[in-house]
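Peer 1: Counting from 316, one number per residue, gives the positions in the sequence shown under our numbering.
Worth flagging that the hints you see were computed from the coordinates, not collected in a lab.
A hint or two may mislead.
Said to hold, decoys possible - Straight-line C-alpha distance at most 27 Å; calculated BS3-like pairs for lysine-lysine:
id, residue 1, residue 2
1, Lys496, Lys381
2, Lys439, Lys539
3, Lys381, Lys320
4, Lys496, Lys576
5, Lys439, Lys381
6, Lys682, Lys587
To be verified - Restraint ranges, calculated between C-beta atoms of paired labels, are given here:
id, residue 1, residue 2, range
7, Glu435, Phe614, 24 to 34 Å
8, Ser727, Leu786, 14 to 24 Å
9, Ser508, Gly608, 36 to 46 Å
10, Ala323, Ala642, 51 to 61 Å
11, Gly697, Val503, 30 to 40 Å
12, Gly697, Leu788, 34 to 44 Å
13, Gly730, Gly643, 23 to 33 Å
14, Phe577, Tyr500, 12 to 22 Å
15, Gly348, Gly697, 26 to 36 Å
16, Leu728, Gly643, 46 to 56 Å
Even glycine gets a Cβ: it sits at the ideal position worked out from N, Cα and C.
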Amino acid sequence: MIHYKEIAKIMGALLGLIAVLMIPAAIFSIYYGENSWPLWSSICISSVIGGIAYFSFSKEDQNIRKREGYLIVALSWVFMTLFGMLPYILSKEILSFEDALFETLSGLTTTGASILTDIEAMPKGLLFWRSMTQWIGGLGIIVLTVAIFPLLGIGGIELFVAESPGPTSDKVHPRISETAKRLWYVYVGLTLSATVLYWVGGMTFYDAINHGLTTMATGGFSTKNASMAFYDSAFIQYIAIFFMFLAGTNFTIIYFGLMGKFRRVLKSDEFKVYAFAILGLAVIVAYPIFAKGGIDFEFAFRKALFQVVSIVTTTGYVTDDYTQYGAGLTFLFFMMLFLGGSAGSTAGGIKFVRHLTFIKNSWLEFKRLVHPRAIVPLMINGDRVTGRIITHIMNFLLIYLLTFVMGSLVMSLLGYDLATSLGAVATSLGNVGPAIGQVGPVDNFAFLSPAAKIFLSFIMLLGRLELYTILILFTPFFWRAN
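Please construct the entire structure, taking both the sequences and the accompanying hints into account.
Peer 2: Have a look at this one:
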């Protein structure tokens with residue numbers, strides 16, 4: 316039996332948290348002399364409904380099992396989206412439900428795809444809330460609540476498992492709540508560092524804090540219509556590259572690095588593959604740009620490195636239109652939509668550790684064919700990968716591919732050309748932002764039909780929660796009583 320009262324209590328706490336996180340946006344709105352009523356109204360609505368739900372069931376104290384964990388994570392994203400939409404709708408800056416849904420869910424899932432055609436005309440308070448939605452979704456709202464729920468008398472281990480279904484097993488601390496706290500300390504610290512450096516580099520404080528939030532979230536929302544291309548500054552672009560790279564790195568690896576445990580960093584096979592893949596891809600992209608002539612190699616390499624890091628880490632910032640690099644490089648960037656960053660990072664996508672496991676296991680299969688009686692273990696980070704984990708990864712890759720194929724078919728049936736259909740689904744499922752076709756790096760998603768926006772919103776959520784957390788809710792055995 317599912318403990319619905321306990322779930323309602325947790326949803327109430329989440330809405331209260333959302334209300335608190337809206338306050339800085341309302342303060343910015345007042346500072347810039349804007350109408351702050353939509354934001355304060357959203358804060359009041361979220362607080363009241365959240366308070367009623369929490370205090371009505373505050374005496375509930377039942378253990379959260381795995382089933383409740385999955386349901387809580389799915390519902391938390393639904394409620395965060397519905398209440399996160401309120402500032403857009405109440406301000407009438409976004410009029411339709413599907414547009415508000417798309418923009419909010421794109422923020423919370425850190426996809427960064429947008430329906431806004433003139434970002435700079437939006438009120439600054441709303442733009443800050445838009446950036447905040449990505450920061451909230453970056454490391455996962457549930458990880459934050461795992462850290463603070465013990466103060467509310469709510470356990471959190473099942474929530475952490477459901478929100479972080481990636482194949483990483485690294486632990487910062489044996490207590491899950493302490494792990495969540497330390498990861499958030501790293502997240503907040505890096506966000507502040509990026510903000511300060513952007514500010515030093517020439518951004519206004521407002522733009523710096525917005526880009527600091529969305530860089531570490533690998534979200535890609537910008538306060539400028541031209542995204543990062545607005546800032547013609549090598550310093551700002553290198554700062555963005557550095558922090559995007561960090562945001563796409565497993566946060567436990569960053570933590571160990573900050574603690575001086577460099578052997579743990581160098582032991583990570585995923586980190587080494589992730590770093591060398593980005594460097595290699597940047598060189599491949601930079602060479603034809605440089606070969607065309609007219610620019611020096613540093614500029615060509617920086618341009619290539621920025622686009623590669625932005626796409627691989629699923630951040631989605633733009634400084635150039637990579638679809639103008641030729642058909643070969645355009646296809647290469649399309650393939651990058653399926654890479655993703657590291658497991659345990661704020662990046663979306665498949666994740667490098669899954670690719671690494673799949674490639675290593677496929678290579679070892681040839682050896683097993685030649686030596687059928689030999690026991691040939693698969694090793695990652697010096698540890699043996701169990702058959703159960705390999706099966707889970709293979710199933711994930713298959714479901715991911717099937718979702719991409721079926722999603723592209725749906726978009727094609729809705730009337731979009733092949734490149735746009737493939738690009739829109741790939742970038743939504745990988746939570747990247749820009750793609751190919753009519754949703755390239757200099758385009759947006761405003762032209763899509765209401766049905767397409769709602770469908771892609773669902774695809775974004777599937778990708779952010781790594782498929783299983785949502786799809787398991789559609790299985791009959793999930794709802795059967797124990």
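Peer 1: Any of the earlier hints contradicted here, and which numbers?
Peer 2: 5, 15, 16
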